[in-house]
Amino acid sequence: MAALLNLAWIYLRIGLMFVGGGYVLIPLLNHIMVEQYHWLTLRQFLDGLALSQLTPGPLAMLATFTGFRAGGFPGALVATLFIFLPCVVLMLTVGRHYHRLKEIDLIKNTLDGLLPAVVGLVAAAAWNLGASSLSGATEFIILAIGFAIFKWTKVSPMLVILGAGLAGLLIN
Amino acid sequence: MTRRWYNCCMQTSGKQVGLADIFLTFAKIGITGFGGGMAIVALVERVCVREKNWIGPEEFLHGLAFGQILGPFSLNVCTFTGHHLRGVRGGITAAVGFILPSFLLVTLLSWLYFTYNKLPQLQAALKGTNPVIIGLIVVVALDMGRKQIKGFNSSLMALAAFAATVLLKLNAAWVLLAAAAWSLGLGIWQRRLK
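Residue numbers (the working numbering), protein chains in the order written: chain A, 138 to 309; chain B, 759 to 952.
Just to be clear, a hint being listed does not mean it is correct.
[As the list claims (entries may be wrong)] 16 Å max Cα-Cα, derived EDC-like pairs, lysine to aspartate or glutamate:
(1) Lys905/B to Asp242/A
(2) Lys908/B to Asp184/A
(3) Lys952/B to Glu240/A
(4) Lys876/B to Asp242/A
(5) Lys288/A to Asp779/B
[What the hints assert, rightly or not] Examples of chain B residues toward chain A, derived with CB under 8 Å:
(6) Val775
(7) Gly776
(8) Leu777
(9) Ala778
(10) Leu782
(11) Ala785
(12) Gly791
(13) Asn811
(14) Gly814
(15) Asn834
(16) Leu877
(17) Ile892
(18) Leu926
(19) Ser941
(20) Leu951
Keep in mind the hints are simulated off the structure, nothing from the lab.
Every residue gets a Cβ at the ideal spot worked out from N, C-alpha and C, and that includes glycine.
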């Protein structure tokens, strides 16, 4: 029990620190898990990083992996719960005040004014993902097919992604 | 100034969305959104803005802006949308629904990893999903852009944000804070002129 409380406290602090930017998380967790507590070797840490990036969840799913190593299933559960607690509470707070803040003209105009930047960031994400994962002609063909389906049909995007995953397994 | 803003906030008068519906929807997104990050955002946009009309496009983008400033934005966007529908309970339901599949998957994979000391061969599947995810994000960016980018100023801001991220590798949170400062300054300056 004391060990789980300790885990909860560690991950809560990490959760508080990575509000602001996801990539703080990697050096931070590496320091705590590998150097401070010796729960993982560096090799295991890197494998865990790759493993948590296989899932749809955020990079912070690394907490589940390291928590599992430190305390089995309860450890994984506690780590996941507490690393995400701060950002969920923060977003709920933002949500609560959002509608009231939006009534103020200056704030509403500022929010509306930065929307083009948000769109730019979405496009940048596509670019960065493409730069790191598009290498062959096959991939560009899959990209074009996906684009066409999403643009001009109403097929559920989830089905398309699952289909593409299956295709990836079969081709490779 | 358009007034469409107000239209999308009026849905409180309509039928309330059930918590179970919220949970299942975000769990499905949490199962299929391989690629994480912006892939999730694009999926939530397709499902919650387009298909279900749960949240207006501008509100969704505001939530995304807040979410990017406040850490793991894929999760934050889910929390924000859930909160918009059913308050605190809705937000927590959406967050749990979205994280649960990944949590179970990582737990299972961790168990396999620490038992057999080998990484599972799932990378092959990602080779298929990654290009499709990019296609989805591009479509969402185009749709958003057609609505939000009008005129010289907004095109310039979108391009600057894109370039700052791709070329200068700046953190999204800083890009958005800079855009907010610029937009606030512009607002105050225009008010002075009146």
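Here's how the hints hold up against the structure:
1. Taking the CA atoms of Lys905/B and Asp242/A, the gap is about 21 Å. The hint is violated against a cut of 16 Å.
2. With a CA separation close to 45 Å, the supplied pair Lys908/B and Asp184/A exceeds the 16 Å bound.
3. Taken as a hint, the Lys952/B and Glu240/A pair is broken in the structure, with Cα atoms around 21 Å apart against an allowance of 16 Å.
4. At most 16 Å may separate the alpha-carbon atoms for a hinted pair to count; Lys876/B and Asp242/A exceed this at roughly 56 Å.
5. This hinted pair does not check out: Lys288/A and Asp779/B have alpha carbons roughly 26 Å apart, beyond 16 Å.
6. Because the smallest distance between the Cβ of Val775/B and any Cβ of chain A comes to about 15 Å, over 8 Å, the interface hint for this residue is violated.
7. Evaluation of the Gly776/B hint against chain A yields a violated restraint, the C-beta minimum of about 19 Å exceeding 8 Å.
8. Here the hint on Leu777/B is broken, as its CB sits about 15 Å from the closest CB of chain A, past 8 Å.
9. Nearest Cβ of chain A to the Cβ of Ala778/B: about 18 Å, over the 8 Å cut. The hint is violated.
10. The criterion of a C-beta within 8 Å of any C-beta in chain A is not met by Leu782/B, whose closest approach is roughly 12 Å, and the hint is violated.
11. Among the interface hints, the one on Ala785/B is violated; its C-beta lies about 11 Å from the nearest C-beta in chain A, farther than the 8 Å criterion.
12. Look at Gly791/B: its Cβ gets to within about 4 Å of chain A, closer than 8 Å, so that hint holds up.
13. With a least beta-carbon distance of about 14 Å to chain A, the hint placing Asn811/B at the interface is violated under the 8 Å criterion.
14. About 11 Å separates the beta-carbon of Gly814/B from the nearest beta-carbon of chain A, more than 8 Å, and the hint is not met.
15. A least Cβ separation of about 5 Å between Asn834/B and chain A falls short of the 8 Å threshold, and the interface hint therefore holds.
16. Against a cut-off of 8 Å between C-beta atoms, the interface hint on Leu877/B holds, since the closest Cβ of chain A lies about 6 Å away.
17. Proximity of Ile892/B to chain A holds as hinted, the smallest CB-CB distance being about 5 Å (cut-off 8 Å).
18. This hint is violated: Leu926/B has a C-beta 11 Å from the nearest C-beta of chain A, more than the 8 Å allowed.
19. Among the interface hints, the one on Ser941/B holds; its C-beta lies about 3 Å from the nearest C-beta in chain A, closer than the 8 Å criterion.
20. Restraint check, Leu951/B versus chain A: the minimum CB separation of about 14 Å is more than 8 Å; hint violated.
Comparing the model with each numbered hint stated earlier shows that hints 1, 2, 3, 4, 5, 6, 7, 8, 9, 10, 11, 13, 14, 18, 20 do not hold.
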